[in-house]
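Visitor: Sequence:
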Amino acid sequence: MTHTLETPLRFGAFTLDMQRCTLWRGDQRLLLRPKSFDVLVYLARQAGRLVTKDELLQAVWPHTAVTDDALVQCIRDIRTALDDREHQIVRTLQRRGYLFEAPPAVPGKVEGGAGAASLPPQETMHFCRTPDGVRIAAASIGQGLPLVRTPTWFNHIQYDWNVQFRGAFYRFLAERVQLIRYDGRGSGMSDRYVSDFNLTGFEHDLRTVVDALKLPRYALLGISQGGAIAIAHALERPERVTRLVLIGAYALGRNRRGDSKDQETGQAQLTLMRHGWGDEHSAYLKTFSMLYFPSASAAELKALGK
Numbered sequence: 091m092t093h094t095l096e097t098p099l100r101f102g103a104f105t106l107d108m109q110r111c112t113l114w115r116g117d118q119r120l121l122l123r124p125k126s127f128d129v130l131v132y133l134a135r136q137a138g139r140l141v142t143k144d145e146l147l148q149a150v151w152p153h154t155a156v157t158d159d160a161l162v163q164c165i166r167d168i169r170t171a172l173d174d175r176e177h178q179i180v181r182t183l184q185r186r187g188y189l190f191e192a193p194p195a196v197p198g199k200v201e202g203g204a205g206a207a208s209l210p211p212q213e214t215m216h217f218c219r220t221p222d223g224v225r226i227a228a229a230s231i232g233q234g235l236p237l238v239r240t241p242t243w244f245n246h247i248q249y250d251w252n253v254q255f256r257g258a259f260y261r262f263l264a265e266r267v268q269l270i271r272y273d274g275r276g277s278g279m280s281d282r283y284v285s286d287f288n289l290t291g292f293e294h295d296l297r298t299v300v301d302a303l304k305l306p307r308y309a310l311l312g313i314s315q316g317g318a319i320a321i322a323h324a325l326e327r328p329e330r331v332t333r334l335v336l337i338g339a340y341a342l343g344r345n346r347r348g349d350s351k352d353q354e355t356g357q358a359q360l361t362l363m364r365h366g367w368g369d370e371h372s373a374y375l376k377t378f379s380m381l382y383f384p385s386a387s388a389a390e391l392k393a394l395g396k
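Using this note's numbering, the first residue of the sequence shown is number 91, and each one after it goes up by one.
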């Protein structure tokens, strides 16, 4: 689903900001995953009308086979965000579908006004779709030579500004070049539920962003996992890539290096991450932070954990 040029939708104290794919309650930004946002938008547009599960699945996942569980999780996310404990806004009609009963908009609120305050000045949001149907969120700020920063394995183009060591770096770059960042498939504001979650898919994402923004020539900044994506793209389009900057990059990932110890360590970290990521008090997040960001302050580590 694409929302870039649409007018914000308002109901009760809430605003659906289409440009930034964000749900607001007054000036408070509410957390909502991309697909949950899409489901909410579709239901809000059909307020007062019964929407079947099949209709929702087709509208939100048009080219992807998903189970009912994905939709149920989105509805749960929406109700949590709207504090709809009694299911008065999103009603479930057993064996039929869902009915969105939007309360009247609260007067005196500025549509989408809170969204602009969450972004750095003059940053522009873009949404584009890859050939395999994945929606990619991108952001552009600054002027001059375009510098495209490829995503790492954890990425969010809005939250990154709140992580001090990332936000400071991006501001430094934005004062000198046109900085373009995007969320790769499976992360941030881009589509989370995707099938081609591999290097080929990541290459599709980068090609889609530079083509959608009509960039004839640009530099690439590849950090960590983003290095492999940048290298592959530079090899494919050498006539368009002016510079290639790599930081902490690698030619082969952990599982391709042939070292069984590395692979075992990676699987162990993946298991611990599933249980500890997002909890600032977890032993794993503290270990991860000390390993990768040993000089970070307590505030920086807390922002990272979120």
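In case anyone wonders, no lab produced these hints; they're calculated from the structure. Bear in mind the structure is a predicted one, so any value in this text is a computation, not a measurement. In this text, a Cβ means the ideal position worked out from N, Cα and C, and glycines have one as well. Among these hints, one or two may not hold up.
Unchecked claim - DEER-style ranges, computed between Cβ atoms:
1) Leu140 - Asp352: 50 to 56 Å
2) Ala373 - Arg135: 20 to 26 Å
3) Thr361 - Leu120: 17 to 23 Å
4) Arg175 - Arg330: 41 to 47 Å
5) Thr170 - Leu342: 38 to 44 Å
6) Leu342 - Ala137: 23 to 29 Å
7) Gln136 - Arg219: 30 to 36 Å
Visitor: All the hints need checking, so say for each whether the structure fits it.
Guide: Against the structure, the hints:
no.	hint	result
1	Leu140 - Asp352: 50 to 56 Å	holds, 53 Å
2	Ala373 - Arg135: 20 to 26 Å	violated, 45 Å
3	Thr361 - Leu120: 17 to 23 Å	violated, 30 Å
4	Arg175 - Arg330: 41 to 47 Å	violated, 52 Å
5	Thr170 - Leu342: 38 to 44 Å	holds, 41 Å
6	Leu342 - Ala137: 23 to 29 Å	violated, 51 Å
7	Gln136 - Arg219: 30 to 36 Å	violated, 22 Å
When the structure is compared with the earlier hints, violations turn up for hints 2, 3, 4, 6 and 7 and for no others.
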